[in-house]
Every structure is written in C-alpha cells, then in structure tokens.
Amino acid sequence: MAIEIPKNLDELPTTRPRYVGRGIRRVEDVGLLTGRVEFVDDVVLPRMLHCAILRSPFPHARITGVDTQAAEALEGVAAVVTGEDARRWSLPAQSSPEGWGTHCIAGDKVHYVGEPVAAVAASSRRVAEDALELIEVDYEPLEPVADPFKAMKPESPQVLDAQETNVMLDRVFTWGDVDGAFAEAAHVFQEKFRWNRLGANPTETFGCISEWDPMSLDLTIHGSIQSPGMFGLGRAATFSLPSNKVNIISHAHGGSFGGKGGTRGCDISCLLSRKVDGRPVKWIEDRGEYLLSGGGQAWDRHYEVALAVDAQGIVSGLKVGLVDDLGATGEAYGAISAAKPLAAFTGPYTIPVAQYDLKLVATNKLPCGPYRGMGPPPHFFVLEQMMDIAARSLGEDPAEFRRKNFIPADQFPYTIASGNEYDSGNYGEVLDQVLALSDYSALRAAQVEARAEGRLVGVGVANAIEPGVFDWNAYAIVGMPGTGVPEGATVNIDILGNATVRVGFSLEGQGQYTLVCQLVADYFGYEPENVRVVQLDTQSAPPSFGPGGSRLGVAITGAVLGACERIREKMARVVAVLMQSEPENIEFMDGKFTLKGAPGAEMTVAEVAGTMLARSDLLPPDIDPRPEATHVWTAAGRTPADEEGRAKSYLTAAHAVHIVQVEIDPETGMVEIQRYCLADDCGTRLNPDTVEGQTEGSVVQGIGAALLEEYVYDEDAQPLTTSFMDYLMPTVFDAPKLEMVAVETPSPFTPLGAKGCGEGAIHTTPAAVMCAINDALAPLGTSAREVPAAPMRLWKLIKEARERASDENNNY
Amino acid sequence: MKSAPFEYVAPSTISGVLEILGQNDPDEVKLMAGGQSLMPLLNMRLSRPALVLDLGRVADLDFIRETDQGVVIGAMTTKRAVEDSELILREHPLFWESTVAIGHPPIRNRGTVGGSMAQADPASEYPAVALVLEAELVAVSARGERTIPADDFFVTYLTTCLEPDEVLTEIRIPRLAPRTGWAFQEVARRHGDFAIVGATATLGLEAGVAVEPRIAVFGAGDRALRFPSAESLLAGQPATDEVIDEVAAQVAAAVEDPLDDAHASADYRRHLAGVLVGRVLREAAVRAAEASTGA
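Residue numbers (the working numbering), protein chains in the order written: chain A, 748 to 1559; chain B, 120 to 414.
The shape of chain A in the complex, shown without the other chains (with noise of 0.2 Å):
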C-alpha cells in the first residue's frame, strides 16, 4: 500500500502541531554538553591497545628503508607496521579520482608532511608514541611541488609514480550558447580571485577502535563517525572484505563539519588489530595529526571569473574557470566539492548561459577532505564579487541590480543552466525581509557620512543558494562510486504506549533526536518524553547515510512520517476489528482512533498497541502483532547526470540574503564587523531554534573563512599552520551579534515542505563579509580578491592605492 507522507504541517494527524515547527528544547543536548554520553574515546575494551603513527617530515621523498626493530623491542609494544603491511592487507583509497588514491601508510614514496609512514600499538599511546622514535626511516627527500600551476607543467615534480601528470581532471563543461552570450554582451567584467585553504574543525577529531578478527575476518569498528554507513563500505572495499563483515558503531560525537574523514588512521589501526590477532586498536587523533594531517582541510582554489551582462543591467552569461588544488591524492571524497557547484552553479539569478573549466589539481599538500557547504561557498564568494563588480561598474546599488536579476518567484520549479532544479523561492521577499531588518537606506546614509570623514566604512549585500538533500549524481562529473540519499528509521511502540525510534546515525549536535521526537509526538498525539531514539550498528540500522549534504532533517523526518504512517494503518485494521467495522471508516486524529459517525467510541494509539501486544483474542486473524514499522525514505524524481554533468541532484534550494556593515582601520587593516542582517529561507522550520543555532554556527565559520582562517604552506609545501596558534579559528569574541528575520517557502517535494538548512550560512557569509570589505575599499579604487582578508593583506591594498593615488596626483 502506498504511503503518504504528509507535505505540510496541516496534513499531520493533528488539530494544531505542539512541536513540530516550535523551537523545544532539544533532547540531547544535556547528555552532548556535560559529557554523559560514550564519546569514543571513554570506551574502553578487554585487552585494548593503543595506536601512535609516524608520520613523514618531508612533502616529497622516496623511502629507502624503514627499520622498526627497535621499537618493536620496547617495552609495552604490541606490534608496529608499515607500508609492507599495508600493501599486504589493503587496497588503495578508493574515495580520490580513479587511480589517485594511495595505501593508508606509505610504501617507497611519501606525498605530503603527515604522510603515515608507520604505526605502532602498544600499552599505552605515551608508550606507543616512545615507540616512534625509535623506529628509522631513510628518506631520500625529492623536489616538491606546492603551486598547482607550476604542477600543471610538464617539467614539474610528479606527485604520484602511478600517474603521468599531476592533472587529475581537466574538462570544460558547457551548458548553453556560452560563446554566443558573451559575444553579445554589452558588458564583460572579469576578475581573478584566491580562497586558502581552510577547513572544519570539529571540537572533537576522529577517533576509534578497530577490531579485526583474523579467524572470521570480521571487522567491528567503534568511531567518531560522521557516515557509518558508506565509512563501512568504505572498509569492506579497502580490505576487500564482504560488505556484512564490517559493523560500524558509531558513538555521540563532537562536531564533524565533514572533517571527520578519518580513514587513514582507522585503516591503519585496522591493519595493526590485524597484526596483534583481533585485539582492539585505538586510535585517538590527537589536534596536532588533526591540524597537519586529518581530513579538515578543503577548497584550496584559484578561481578566473567572467560575468556577461546585457544592456538593461541582466547578467547573460558566467564562465567560472576553477584550479582545484587537492593536494596529493584528493582522498576522502574532497573532489567532490569541485563537482558540487553544478548544484546552484547560477546561484539565485536567471544567467541563462554558463561554463564551468575545471582543474583538479595534485601537488604535495595534504589532501583536500570534505567541509560545511563542500565547495560552493568559494563559488558564491566569487560569483558575490563578479555581481558587485557589475553592479559599482554600471553604477547601481547591489541590492537591486541582484534583485533584477532573481528567478522570479512564479518560475519554481525552475530548472538552472547546470541542470539542477530548485523546487521553491521568493528571493525578492527574502531581500526585502533583510532589507528592512538592517535598514538599508540608513546604512547608506551611515556611510556617506563615514566616507566624508575619511573612514573606511562598507555595506556588503550577498546572497546564496544552499542545496539542500543531496545525491551522489551531483558529483557524477569527477566520477567516485558513493551512496545516496536513502534513510530509514524504524518505530516501535511497546505494550505501554511508549515509542523507540531507531536510527542509524549517531549524535553530532544538529538536533536530529529532537526532530524524531517531535515527528512522533506530534503524530501520535504524545508528548517528546514518550520517544526513545535510539541509534543502531550498521548491521543493524535500516539503510542509513546520516548527517551531510544539509539532508538529514529531511529525510528523517521522511523515514519517520512514513513508519508513523504504517503503523497507523496496521492500528487502523486492528481498531476496525475491535469497532465492529471496517479500516476506511476508522480515523485517526490528536492520537486517537475513532469510528466514523460514531461518537465516543474511541481508542488511543497505548491502547491499541497494548491490544495487539496483550490480546491475541481480540485480534483479526491475519495480522502482524507487532506495532512497528520501518520506513526507508528516499528523494523522488532525481536524474542521472548528462555528459556536461546536469542532472536533478540536490532535492532542495535554500535561500539567504546577508547584509554586513564593516569597518576597515585604515592604518591596520584590521577590519570590524558593525552589523550582521540576515533573512533566510529554508522552507518550513522543523525547530526553529535548531535553524537558528545553525545559522549562527555557521555564520561564525564563514567569518573564520572570510578574515582569519587558513592553512599556510610554504614554497616547499611545508605547512606553517600546525596548531590553534597560527590557524586561527573565530572565537566567541569574533561572533557578531546577529539580527536575523525568517522567511518560509515550503518545498513543494519534501516531507513537511522542509529544505535542508544544515550547512546553510557558510555559504553566504564569506561573500557578504568580502562585499562589504571591498565596499569599504571601493573609494580607494582597490579591492581585495583573497580570503581570508587577512589584516596584512588589507593594509598592503591600501597603502599600495593611497601610493598610485599619490603618484597620479603628483603626475598632475
């Protein structure tokens, strides 16, 4: 029987919904935030070990020999391996370009400083860590390559033996008359810009404990996992293992923002479990391996823009040209941030026309791993600067020569020129909303003035497009086998009334507990006390990808709508047999079943489920006692990819307008944020106060990306950023207060109307803080192409514009 699965609030079962769409107060977050849940690193097993790693020093050398006898003698140590091991017992990483991935732990060549170039486990990680230094590797260093365009030259060092160039993709997309809408156009704005490397830093990094039976090859993996489900995947095809030997307990975590990727070090303590008969191996990456050589860093980009805009001010054509730096292998699925743009490749506007040159790029640096946004939001930094340009150029205000060139709201669905469609917007009302909020024309006003004193003052206005709920035919251009969008939960409601809802993803903060008990609540006519979630093993759990690609808000509240709806259906039949009538003319309302035209006969949903569990006497004779279901949601009507890479992947479009007001300190470059407006739509809010805790998380990481954070690496590829001394993440005092103002355009396509939101502000923030920065500058005649905006960098621009200024006067 088919199942509907409400498309709005109004369709629950339930006179007026009591949580869904209110901010309560989240279930587990007391457990999250005192530390009462098993983190991994509390778990500790019979006969545990504990895993150090010896990681290379050099970007670029050949090993000539690794000697490990001594180590192996100390005392406490259990076993040590190397890159022997891991030829002997694994694959290379399948989550890079085909044919870039490399062992876990480096064979005759090492790739990047961090590289493991061997590990040990022993009693204890102090003592595993003494074990490394006596382990000896001779290392015959090799020219590094660190510039991805001295990488792209044939005569350059060769990063990896297996390949004949460091190239990993080179194709220009096209979508449209591209040539024909530029040749056409009035105006051609064209501009280069630079995004550093940066990247998530979750509070807590990767860590797990690897148990691997050599008897019955069974693989038991405990983690700090974002995905387990493809994680394990992942294992079984590393070791070459059948997928239901390999179980994935994923455990509450603090934080991933996607740069939990963590595989090298799980695979290597796989590899030692191996070694030391099935003990279990942990593996704790301490912020150290995390800064220099964990999966947190991402989008490493060197962008040549192009905007064609006709003659009434309508943008007619983009050409982006992207350098994607990945480092050495574009392991743990980091290429796919350069696929992902095809998304909302457009961002919010009509540009009929575009092109997409595209260069995944390897050079000896870490590899680029996934992060918050995986990709467009250096698209939408770009994209925000190329409309500025356009804009200061023909001499309108942002704001309306954006708003002219909006989908209209009466397009949607509207397909974009990259083949992705979006299902809602009103971007016009979104801009209005913010507009408001922030008081435009009076920032305006503010500014004139503040020019007339000489100060540096700017109003950044930027907006972005957040997909929402992803599928793996997004990424089809750059050609990596992954898994989609399916995700199911099971509820089950015991003999008492009370409600388990089983998931199979674990605890990260985004509130998704919370959502599952008010889906239920709400359905069921309950309170979120009488709903358990509980999280299963991937052997266990219903088909499960858990949180990423802003989706899981969704598609949980799919899975579990639809397992509401079964089991509603199933009491149906039973409450019909007990009424002395037939399913059709049972209905279900406020968490009670009655008949149809008959008043007062009434059954709640504990009552009937303590019938089918209690009554065998009482029940029809076909029916399956137990009130439980499985749903398994997944998006509709997605298409595969086309040869230019177009396709309908990401199920939803989100929406946001940020207006900034900064100040630039002339003399120091320092700049200060004023006000921060935003008006966002994420279709229905599911818990308004998980959006805004969202929002505002993300918020802060585009800050971080826009003034402070990056990954330096010198000329050699010799990182310099090492620790939380010199990458600098945003503190609280760097978080500005935040005005904000909700809009809602339900989805049409999704459970509730909900889009996804996870990701969310990281994809406008960076444009708008930039907007604003080289609004602040514009009067100088300069601006500032680079993120972060470091101060250094903002001061140079000035003094080099006040210096040309002076020059010309002098010329006069």
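Calculated from the structure, these hints are not laboratory results. Using N, Cα and C, we set each Cβ at its ideal position, and we do this for glycine too.
Here are some of the chain A residues that sit facing chain B, going by a computed Cβ distance under 7 Å:
1) Arg873
2) Asp1033
3) Gly1035
4) Leu1475
5) Asp1481
Put chain B on the given structure of chain A with help from the hints.
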C-alpha cells in the same frame, strides 16, 4: 601528543627548589610556573627536560603587596589574581590593562606573572609593560639574591638573563609619578591572541610638554623593545600630533630585524610599531592632561 618521559618534583619552599637545582644539572631541569607555555612544548616533545620542577606548591611566591616604593608581585601570582586585584587596578592600571589582554580567563587562571616574564616571548605583553614601568625582577640562587632591572632582564627570543640555577621570585614595580598618563594597545588577529605588535607608553605633561616619556613595543623584534632615543626626542617637546608622528616614525625605523611569519611580514610589523606608538602616545597624553586638570 604525549610528552617524552620526565621526572617531576614539586617542592614547597624556595630552599627546596634551590636544593633540587643544586643536586641536578640545571640545564636538564625545567621550571614550571603556570605551565601555559611549557605543557604544550612538553607534549609536542619540543622540550625534553629530564626533570620538571613545579613551582606551583612554593607557598611564598604568590602575593601582591604594596610597599613604600610601589607594588611587589610574587612570581607565582596568577594573572587572574592580578586581574582581581584592586591594588593593581588603582596603582598600576597599565599593568592591569595589559593583564586582561592576555589570553582568556582559563589561561589567566593558571598563567603566572613570573612565568610570562621568564618565558620572554617576544610577543608577550608583560615584558613590554615591565620596561615602561621600569620594573625590577628579583632572582635567587644558591649564590644569593640579585635584583635585575627590566632593561637588562630580557635578552632575546625566549631568553632572559637568568642563569639556569636561578629562580625568579618577584617583580617590583615602582610607583608612577603623580599625573602620569599611560596607554596600552595591541593588534592581534583575535582577542586574546599573542599580539602581532603591541605598544605601551607612559608620559607626564607639564604645561603641554612631555615629561619622562617611556615607550616600549612588543611583537616586533626578538624581545620587548624600549626606545630611549625616541623618548629623548619627545621629552621636553609639546605632545602635539606632529611631534608624536615624528617620534612614532623614529620608533618604526629603529626596530631592528622585525619578526616575519605567516601572519605578518617584517614590513607590516615595522609599520604597526609606528602606528601603535603614535596611538599609545596620544592616548597617554590625553590621560596625562586629564590627570593634571583633575578631570
């Protein structure tokens, strides 16, 4: 990130500390105050002492006292205690202001005044403030006690004139002349970070003329730097914008070999030194003027 093996002792008296230093090769011993710099160095195995001597239990090093000459602060006094001290706020608001610019409360809860002085990080706030306040640092060893002017104490990167067998015990800050203006400013990427560059100054004003100006800069060179020639240039001059700009330019020019790293080039640091010296002199002059008009 676990330290290499080391022995650990935590004596409760200064004589106990000196005894242990006498029994061991002092080069193999690392004194630990608040541990805010040392612990990361140990855990990253960048520092590998045979013995860590924890000063945390030495009772008579944690105090703030007023004397006839000024204020004396025990070397093991935490920054938090300084922050909470009404005496410091009243007598040495400059010292107080520089204290709250250091790190964040959890760091100030453990980090100590003596620890920062002895660590002598070139970007640290305290050494520069010690220079302009003309503090004296008291060290003891088995050979006796000596009093070292701040000017002589800081030698170069992470290096003081303390001998390996010496222990810093207290910091003496003389009372400021009445109606002295002061200021402290730094440019840091984030609140609480080590400064890229910072500057501090004290200044008296008599009929608009600068008296006994003192200027120090941190984060620019290999140690906190004082600028006697710039001070002489200012002394006796009216504290006008023009004069201050000239003094600031001289400071910028006088910084030798500015630090150069991923966050700030040598050029930028030199420039900031000038900008910040200009700003602190202006601010100090305003304070001095307010003090002399009794505002």
